[in-house]
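Residue-level listing of the chains:
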Amino acid sequence: MTDTSDPDGSGGDDPAVDVAEVEHVAELARVRLAEGETAAFADQFAEILEYFEALDEVPDLDREEDLVNVMREDEIEEGLTQEEALSNAAETEDGFFKGPKVS
Amino acid sequence: MAADYNLFITEETIEGDPDTSGPLAGATVAVKDNISTAGVRTTCGSEMLADYVPPYSATVVERLTDAGATVVGKTNMDEFGMGTTTETSAFGPTRNPVDPERVPGGSSGGSAAAVAAGEADVALGSDTGGSVRCPAAFCGVVGIKPTYGLVSRYGLVAYANSLEQIGPIAGTVERAAEALDVIAGPDPNDGTTRDPREVEGVNPGVPEGGYAAAADGDVDGLTVGVPTELFDGADERVVETVEAAIADLEAQGAETTEISLPSVEHAVQAYYVIATSEASSNLARFDGVRYGHRADSEGNWNESFAETREAFGAEVKRRILLGTYALSAGYHDKYYRKAQDAREWVRRDFDDAFADVDVIASPTMPVLPFELGESLDDPLRMYLADANTTPVNLANLPAISVPAGEADGLPVGLQLVGPKFDEATVIRAASAVEDR
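Chains as they are written, first to last, in this note's numbering: chain A, 1 to 103; chain B, 104 to 539.
So that you can see chain A by itself, here it is in the shape it has in the complex (with noise of 0.2 Å):
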């Protein structure tokens, strides 16, 4: 955390986002962020988290609305073939997804 973003300099608990949060963010969400992105990402999030704080004034709340479980049984239906299910993949073999190399 740095002073640098946080633009009413109360500092704290206030969340600031620098370039190196909004890193780790992206490299958790597996994103890649072209040129620049990260820097101004880091001034926007700065703002909007700012915004987010007030979310501190709602008071702590139960849910009150009731919810209920919407089952059915476990029969065998008619779904996409496998060659329907494979049809969008960018690579397939023997009838499967290929998917990028492990390590």
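The set of hints was computed from the structure by calculation and includes no laboratory data.
Predicted model, so just to flag it, every value in this text is computed and none were measured.
Among the hints, erroneous ones may be present.
What the hints assert, rightly or not - Taking lysine to any residue and the SDA-like style, the derived pairs with C-alpha atoms no more than 20 Å apart in a straight line are:
#1 A:101 x B:437
#2 A:98 x B:368
#3 A:101 x A:90
#4 A:101 x B:400
#5 A:98 x A:83
#6 A:101 x A:27
#7 A:101 x B:410
#8 A:101 x A:30
#9 A:98 x A:86
#10 A:101 x B:406
#11 A:98 x A:82
#12 A:98 x B:405
#13 A:98 x A:80
#14 A:101 x B:392
#15 B:437 x A:56
#16 A:101 x B:399
#17 B:437 x A:90
#18 A:98 x B:154
#19 B:437 x A:81
#20 A:101 x A:86
#21 A:98 x A:88
#22 A:101 x B:402
#23 A:101 x A:91
#24 A:101 x B:387
#25 B:437 x A:86
#26 A:101 x B:368
#27 A:101 x B:409
#28 A:101 x A:59
#29 A:98 x A:81
#30 B:437 x B:392
#31 A:98 x A:87
#32 A:98 x B:402
#33 A:98 x B:437
#34 B:437 x B:393
#35 B:437 x A:24
#36 A:98 x A:30
#37 A:98 x B:432
Given chain A, put chain B in place with the hints provided.
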């Protein structure tokens, strides 16, 4: 004409059943490009799915073609529904037929613009935080966001599945209601769909003759709540136009009463935390293995996935990262849990309000249509434009945007919100707005 406004990503036809009768027989329908169409590519406005051809159709598409409607094309949209202007599309922005220098709203901008330009009788959009109502307002047409669970999402490419519904856009309230009659109803392929007639405490559900029969313009004795929070901070020209439309409802026998919904001040924050969190999970599926773009990568699978996912546009990356951040260790309670509390608060606020009023009226959008490029580099400003639409998604309620008039030659939309599964009342009230 169509090419000038960049309405469609793909112009292909799916013929409707010719041997059927009913209001949509022979009608043309434009379908948002995040709704699956068997054999016709479905891009979500993204480079990631530029060549994706679904092997099955969404339930709503089946229902429309079974009712005799012909699909005329797949409409442009903000990438994966993430935007308020249709400018985040990888296929370029759509222009507003009312004023081509302005955006049509979003994210279902191509759908609303196609109806406004006369390229389709009806269009389907999806509404996660206002994406049907916003473009309807900006293009001067009608858009309905149904109660969560009224319309099947089977075949809709998910962005934030706890918030979104597919909804119709049309030139008139009755036309939009006719389309809703066709697409509404339980679907075994979407476990969240309900039959309104079987939901406890819901009144009146589906009227005899369907939703279209509710477009009778009869608002005599109807109580309209006017929440101050959804007028504060809106453009004065918008407020004046909407207030004039509400006064016309009064002249037709409706009663208006000022109400307060204090929770909605937190709706935009809650919406963006929940929507981005769900997006970070839903969009994890785009890894280039089963479908979609795949980068040529020499790296291991983590590097390969990251390189493949570089193809998302900036707004999509922004939301995936914000959602990942909001759910990450140490921040979950601060953001996600508080956003769920805010969602419950909004739901209770509307519930309390509907003890006293039949519908709630406000501007759909607090602003007039943006000029092209105006808000694209300022995400927070774009998010704030969703202030009046997002509360409805958080509370799972039905809402409609109906043209209220014009300000400076630009369309202004009036939003009417109703109790859960009471689409009939918002349709009735909206039909009185357009009758005046």
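Tested hints:
no.: 1; hint: A:101 x B:437; verdict: 38 Å, violated
no.: 2; hint: A:98 x B:368; verdict: 48 Å, violated
no.: 3; hint: A:101 x A:90; verdict: 14 Å, holds
no.: 4; hint: A:101 x B:400; verdict: 10 Å, holds
no.: 5; hint: A:98 x A:83; verdict: 14 Å, holds
no.: 6; hint: A:101 x A:27; verdict: 18 Å, holds
no.: 7; hint: A:101 x B:410; verdict: 14 Å, holds
no.: 8; hint: A:101 x A:30; verdict: 16 Å, holds
no.: 9; hint: A:98 x A:86; verdict: 10 Å, holds
no.: 10; hint: A:101 x B:406; verdict: 10 Å, holds
no.: 11; hint: A:98 x A:82; verdict: 14 Å, holds
no.: 12; hint: A:98 x B:405; verdict: 15 Å, holds
no.: 13; hint: A:98 x A:80; verdict: 18 Å, holds
no.: 14; hint: A:101 x B:392; verdict: 11 Å, holds
no.: 15; hint: B:437 x A:56; verdict: 8 Å, holds
no.: 16; hint: A:101 x B:399; verdict: 12 Å, holds
no.: 17; hint: B:437 x A:90; verdict: 40 Å, violated
no.: 18; hint: A:98 x B:154; verdict: 18 Å, holds
no.: 19; hint: B:437 x A:81; verdict: 45 Å, violated
no.: 20; hint: A:101 x A:86; verdict: 19 Å, holds
no.: 21; hint: A:98 x A:88; verdict: 12 Å, holds
no.: 22; hint: A:101 x B:402; verdict: 8 Å, holds
no.: 23; hint: A:101 x A:91; verdict: 12 Å, holds
no.: 24; hint: A:101 x B:387; verdict: 18 Å, holds
no.: 25; hint: B:437 x A:86; verdict: 41 Å, violated
no.: 26; hint: A:101 x B:368; verdict: 48 Å, violated
no.: 27; hint: A:101 x B:409; verdict: 14 Å, holds
no.: 28; hint: A:101 x A:59; verdict: 48 Å, violated
no.: 29; hint: A:98 x A:81; verdict: 17 Å, holds
no.: 30; hint: B:437 x B:392; verdict: 34 Å, violated
no.: 31; hint: A:98 x A:87; verdict: 13 Å, holds
no.: 32; hint: A:98 x B:402; verdict: 15 Å, holds
no.: 33; hint: A:98 x B:437; verdict: 40 Å, violated
no.: 34; hint: B:437 x B:393; verdict: 35 Å, violated
no.: 35; hint: B:437 x A:24; verdict: 19 Å, holds
no.: 36; hint: A:98 x A:30; verdict: 19 Å, holds
no.: 37; hint: A:98 x B:432; verdict: 33 Å, violated
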